[in-house]
Amino acid sequence: MAVSSRPISVAAPRRLSVRAISNTVLLVIGMCFLLPLGWLVLASIDESASLVASVPGSVSGANFDAVLTTDQTFRPLWNSFVLSGGCALITVVAAVLAAYPLSRYRMRFNKPFMYGVLFGTGLPITAMMVPVYGLFVRLNLLDSLTGTVFFLAATSLPMAIWMMKNFMDSVPVSLEEAAWVDGASAMKALRTVVVPLMRPGIAVVFIFVFIQAWGNFFVPFVLLLSPEKQPAAVSIFTFFGQYGSVAYGQLAAFSLLYAAPVLVLYVLVSRLLGGSFTMAGAVKG
Amino acid sequence: MTTTLDTGPKVDPRPDGAPSRARSAGRTAGRLLPLGPALVLLALFMAGPVVWSFYGSFTDAALTGAAAQESSWIGLDNYTGLFSDPNFPKSVWLTVVFVVTSAIIGQNVLGLTLAMLMRQATGVVRAVVGTLVVTAWVLPEIVAAFAAYAFFHADGTLNEALGLVGLGGSNWLYDFPMLAVIIANIWRGAAFSMMVYAAALANLPPDVTEAATVDGASGPKRLMYVTLPMIRRSISTNFMLTTLMTLQVFTLIYVMTAGGPGTDSSTLPILAYQEAFSFGRVGYGTAIATIMLLIGAVFSIIYIRMLRPEVD
Amino acid sequence: MRLRVSVAVGMAASMVVMAGCGSDSDEAEGSGSDTLKVVYQKFGNFTQADEHFTQVKEDFEAEHDGVTVELVPIEAAQNDYFTKLALMHGSESTAPDVMYEDTFMIKSDVDAGYLLPLDDYLAEWDDWDQFYDNAKNAGVGDDGSTYGVPMGTDTRALWYNTELFEQAGISVPWEPQSWDDVLDTARTIQQELPDVIPLNVYSGKAMGEASSMQGFEMLLYGTEDRLYDEESQSWITGSQGFVDSLGFIQTIFDEGLAPSPQEALDPNLGNTVTGQWLPEGRLAIALDGSWQGGNWMESGEAPWPEWNDVMANAAMPTQNGQDPGAVSMSGGWTLAVGAGSKAPDLAFEFITMALDQENSRSYDVEASQIAVREDVAEDSEYIDANPSFEFFSEIVEFTHFRPATSDYPQISNEIQVAMESVMTGQQSPEEAAAAYDSAVERIVGADAVMSAG
Chain H
1 MAVSSRPISV AAPRRLSVRA ISNTVLLVIG MCFLLPLGWL VLASIDESAS
51 LVASVPGSVS GANFDAVLTT DQTFRPLWNS FVLSGGCALI TVVAAVLAAY
101 PLSRYRMRFN KPFMYGVLFG TGLPITAMMV PVYGLFVRLN LLDSLTGTVF
151 FLAATSLPMA IWMMKNFMDS VPVSLEEAAW VDGASAMKAL RTVVVPLMRP
201 GIAVVFIFVF IQAWGNFFVP FVLLLSPEKQ PAAVSIFTFF GQYGSVAYGQ
251 LAAFSLLYAA PVLVLYVLVS RLLGGSFTMA GAVKG
Chain X
1 MTTTLDTGPK VDPRPDGAPS RARSAGRTAG RLLPLGPALV LLALFMAGPV
51 VWSFYGSFTD AALTGAAAQE SSWIGLDNYT GLFSDPNFPK SVWLTVVFVV
101 TSAIIGQNVL GLTLAMLMRQ ATGVVRAVVG TLVVTAWVLP EIVAAFAAYA
151 FFHADGTLNE ALGLVGLGGS NWLYDFPMLA VIIANIWRGA AFSMMVYAAA
201 LANLPPDVTE AATVDGASGP KRLMYVTLPM IRRSISTNFM LTTLMTLQVF
251 TLIYVMTAGG PGTDSSTLPI LAYQEAFSFG RVGYGTAIAT IMLLIGAVFS
301 IIYIRMLRPE VD
Chain C
1 MRLRVSVAVG MAASMVVMAG CGSDSDEAEG SGSDTLKVVY QKFGNFTQAD
51 EHFTQVKEDF EAEHDGVTVE LVPIEAAQND YFTKLALMHG SESTAPDVMY
101 EDTFMIKSDV DAGYLLPLDD YLAEWDDWDQ FYDNAKNAGV GDDGSTYGVP
151 MGTDTRALWY NTELFEQAGI SVPWEPQSWD DVLDTARTIQ QELPDVIPLN
201 VYSGKAMGEA SSMQGFEMLL YGTEDRLYDE ESQSWITGSQ GFVDSLGFIQ
251 TIFDEGLAPS PQEALDPNLG NTVTGQWLPE GRLAIALDGS WQGGNWMESG
301 EAPWPEWNDV MANAAMPTQN GQDPGAVSMS GGWTLAVGAG SKAPDLAFEF
351 ITMALDQENS RSYDVEASQI AVREDVAEDS EYIDANPSFE FFSEIVEFTH
401 FRPATSDYPQ ISNEIQVAME SVMTGQQSPE EAAAAYDSAV ERIVGADAVM
451 SAG
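Protein chains in written order, with our numbering: chain H, 1 to 285; chain X, 1 to 312; chain C, 1 to 453.
Among the clues, some could well be false.
Away from chain C, derived, C-beta distances all over 12 Å, residues of chain H [unchecked claim]:
#1 24
#2 31
#3 45
#4 73
#5 106
#6 109
#7 177
#8 226
#9 265
Chain H stretches covered by chain X per the calculated footprint, using a threshold of three residues with CB under 8 Å from any CB of chain X [said to hold, decoys possible]:
#10 86-98
#11 159-166
Keep in mind the hints are simulated off the structure, nothing from the lab.
For every residue, glycine included, the Cβ atom is placed at its ideal position computed from N, Cα and C.
Next comes chain H alone, as it looks inside the complex (with noise of 0.2 Å):
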C-alpha cells in the first residue's frame, strides 16, 4: 500500500508504533462489529434457537440441512444472482458513460441535470411502486426478469451516476489528453485511460449497487409473479410464520448462505484491486 511507497526516513520506529496503535484500535472496532454477527452464526447451528444469543447445547446442522434445497435456497440465490448482477452491470457501464460527459465538459446541462439526479436519488422507490406496477402490465413486462433487472437498474442509477462522476473528477485530464495527441477519439480514452485509472471507484460502485439490488424484496415481490422466478429477498419470507411465528435456527442459516456470495464477491472485488490501489497513487504527481 501507500506505505510502502514512501521513503524510508528518521520517522520508522514512530511510523512502527503508529501502525500498533492503529491495529489495535481497528481489532477493536472490528470487537464490536463482531458481537451482533454471533447470534447469527449461534442461532444457525441450534435446533431450538431464539432471538436470545446463546452457545447451543449441541452443535446441529439440521438448520443447514433443513434451507439447502433447490426451492429454498439454491434458486432463489440464482434468481437474485441474475437480477443483482444484471443490475450492477447495466448500472455500471450506463454510469460511466453518463459520467464522461458530466465530469469533462463544462455545459449549462450539467447543472439541472445533476440537481435532477440528485432529486432521484432520494426516491422512496416504494412509494412508487404502483404506477410501475401499471408500466409493466402495458409494457407487457410483468413477470420477466428482464424487465425487472432494467428497472432495478434505473433505480440505482441517480446514486450511481452521481457516485461515478464524482470518482471521475478525480482522475486527472491530463493523461487524456496524451491519449488525444495520440489521435484517440474521447470513447477510447474513456475506456483505455479513464477506466482503468478509476477501478476502485467503478467497484465501488458495482459493489454497491449490486449489494442494493442482492437485498431488495418489495421490487421483484411486486414485478415478478411466479414462485420460481422470485430472489432470495423473498424467499426469506419463508421462515415467518402465518401468526408471526419465526423459525430462527434457519433464518439464521439461510441468511449466512444468502450473505456468503455478497462477501466473497467484495473480497474477490478488493483482492483485484489491491495492486490498483497503489498504481492509482503513483500515476498522479
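Chains X and C: place on chain H using the hints.
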C-alpha cells in the same frame, strides 16, 4: 483531484470562443450522447411513475375501499391532514435526529476513521476488520435487523457483554429506542463510508501528505488542512448518499422497535408504510414520501453550499 | 465520436430487444375463458393453501377437459399480500378469477369493485346449507350480497398451564365466569408463584392487530358495548364498555399480573409467548388464538410434544358473566370470485370443489382451522386431528367478527394507542377513551360516529 478539476484544463471550457452557435450546439449534442442509455432508462422507468406519485399525493388514492375504484382530487387535504397530526412533527424530528446522528456523524466519522487506520494497519488486521465491517453491510436488511434486535434485546448479547465487565445493562429497545436504532444503523452502514473514503484516499497523490509531513504538520493538522480539503468532494458526496440512504431505512427500525414504544422511534418511512400499506391509503402515503424527498433535498442543498461552491 | 454513437445506439437497441423478451411471460397475458387464475397466499410455514389448491387443480382439470387452472401463490406477509392482490385487481390482464380473501377485507374490496356477488350461484348450491350462519355472514358485503365462501375460521380463548395451576393450588378444569374470576386467579398465581407471569393479554402498538383483536376486542365484546353499529353503519364512541375494557388492561399492568410494559411492547412478543414462555412454564394464562396448538404440533414452528397434557382451554367470560356467558372473536378466510373474471361460472365451480365436504375437512385439519361446515365439525376425523379443535369449535357460537370496513385498520391502530397509554400509565382509561373518541371522529368524520351516551 478537486483542484485539477476546478481550474482544470478543460478541453473546451465554454463556447465563448466558439466559431458558430450551430456548430457548438451540434458538438454539445454529440458530447451528450453517452448520456443516452442512462436517460432512456430513467425516462422509461422513472419519469412516469414519479409524476404519477406526486399527482397521487393530491388524491385519495387507496388500495381498497371505494376510493380504489375511482380516486378523486382532494387538493392539499393529505398535506393539511399531515400537519394537523401531532405524530407528524415528532416523526420529522426523529427522522432528522436519526439521519444526523447515524449517517452524518456516525457512519461518516467511523467510516473515515476506519479508512485512515486501514492505511496504517497490517495486512491481516486490515483484511479481518474490513471483512467484519463489510459483513454487517452486505447482510440483507431484514437479517441485519434481527441480528441487531438480538444484540440489543434485554437478554441479548450487549447486556451479557456489559455484565462481564461489571456494568449494568438496560432494556435498550424500550428505554433508549432511538439510541439502539441509531447505533444499529451506524453498525450496518459504516462499511459504505469506509469504502468511499478508502477509494478517495487511495486516489490522493502521496506527495501532498509527504510535503505536509516534511513541513512538520502534525497528524490532526494534516488531517484538517490537507487531507480533508482534498477529499471534500468525496465527503460531500458521501454525506449526501448516506443521508439519502438513511432517510429510507425502514426494515431495521420496524423489526427492532416497530416504531415504538408509542411513537418514540417512528421515523417517516415507518409512518409512510403504515399509511400506505397497513391502512391502504396510497395518496396519504405518497404525501409523506414527498415530504421525505423535500427533507432529502434540504440536506443535499446544505452539503452543496457547505462543501462545494458549485456543481459542475 | 462514432464509437460513442454506436455504444449509445447499441444500448438502446438492446433495450428494445430486452423489452421484447418480456413477452415470454405467459402470466402477463390475459386469461382466456378456459384458464382460471387462482391467487392465494403462501407464507412461511403456511403452505397448506398451496398444497390444497395444487390438489384441487389436478382434480378440477381432470373433470373439465380443456380447462387450465393457473396457480399464483404469493409469498408474502399479510400487508404485502393485500398490496399485491390489490395491484393485480387493478389491471385486467392480471385480475384473478378465484382468490383467497380475508373475511376482513371483503367489505372494502367490494367497495373497490374487486369482487363478484355470488348470491345466484349459492342459491343453487346444496352444500351452502351446511355452512354455519355466522360464518356465512363474514362473507357478506355492505349491500347484503354474499361475496365469499368461508374456508375455515379461528377463535380466541384462554390457554392455561395446568401444571402451574396445580402448583398454585387452583383446581382444574378452570372455568372463570367473569372478568373478576380471571383477575382473582391471576392474583392467586402472583402470590403462590412469584416467578411466573400470571396473565398475558396482548396490548399496545408493538403487537399490532393481535392487541386489538386477541386483547381489546375479546374484552369489549364481553361488555354491553361494541365498536361499530352495523345498522346505522357508524362507529360507537363514549361507551362504558370501552372504558371498562381499558380498565381491565390498567388493572393487570398496574398490579403486575401482566408482563412488564417493556416485555409487552416488544414487537416479537408473540414468538416469545408461543416458543418460550408457555412451554417453559413462565406464563400461566394466555388470551390467545385457536392456532396455538398447531404451532406446538410436530409439524409446527415450535414443537412441544407435551403441549396437550400441560395446556388446557377456558372460554373468555363476559364482563360480569352476563349472557351468553362467554365471548370469542373470529377472523378467517374465504374464496371469492374476481369481478373481472371472464369465466365466473367456472370460477364458482372451482370454489364448490375446493370447499366441498372432503376438501374443507382436509384443509381445516392441515391449516389448524376451525370448521365452518357442520358436516366437517362433526366429523370424527376432523375432531381427532387436533385435540384443541373440539373446544375451539364449541365457542364458535359465542364468536364475533371485527367491523370489516376500510376504516378499521386505522381505528384498530387507535385502539392500540389507547391501550398503550393506559398500560404505561400515561393516561387513565377515561382519558384514553376520550382520546380514542376524538381520533375516531377525525378518521371517519362526525357523520359516521354515534355516541353510546
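Beyond 12 Å from every chain C Cβ: check whether that's true for residue 73 (chain H). Residue 73 (chain H) clear of chain C: closest Cβ-Cβ about 14 Å, beyond 12 Å.
Minimum Cβ-Cβ distance from residue 226 (chain H) to chain C exceeds 12 Å: 6 Å, violated
Please confirm whether residue 45 (chain H) is truly not at the interface, meaning its C-beta sits more than 12 Å away from all C-beta atoms of chain C. 18 Å, holds
Beyond 12 Å from every chain C Cβ - status for residue 24 (chain H): 37 Å, holds
Would the least Cβ to Cβ distance between residue 265 (chain H) and chain C come out above 12 Å? 24 Å, holds
Check on residue 109 (chain H) being off the interface with chain C, judged by Cβ distance over 12 Å: Given that every Cβ of chain C is farther than 12 Å from that of residue 109 (chain H), nearest at about 16 Å, it holds.
Cβ separation check - residue 106 (chain H) to all of chain C, threshold 12 Å: Check passes; 18 Å lies beyond 12 Å.
Interface exclusion of residue 177 (chain H) relative to chain C, criterion Cβ beyond 12 Å: The claim holds: residue 177 (chain H) sits with its nearest Cβ about 17 Å from chain C, beyond 12 Å.
Taking a Cβ-Cβ distance under 8 Å as contact, does the stretch 86-98 of chain H have three or more residues in contact with chain X? holds (count 6)
Counting residues of the stretch 159-166 of chain H with a beta carbon closer than 8 Å to any beta carbon of chain X, are there 3 or more? holds (count 5)
Report holds if the minimum CB distance from residue 31 (chain H) to chain C is greater than 12 Å, and violated otherwise. 26 Å, holds
In the structure shown, a violation is registered for the earlier hint numbered 8 alone.
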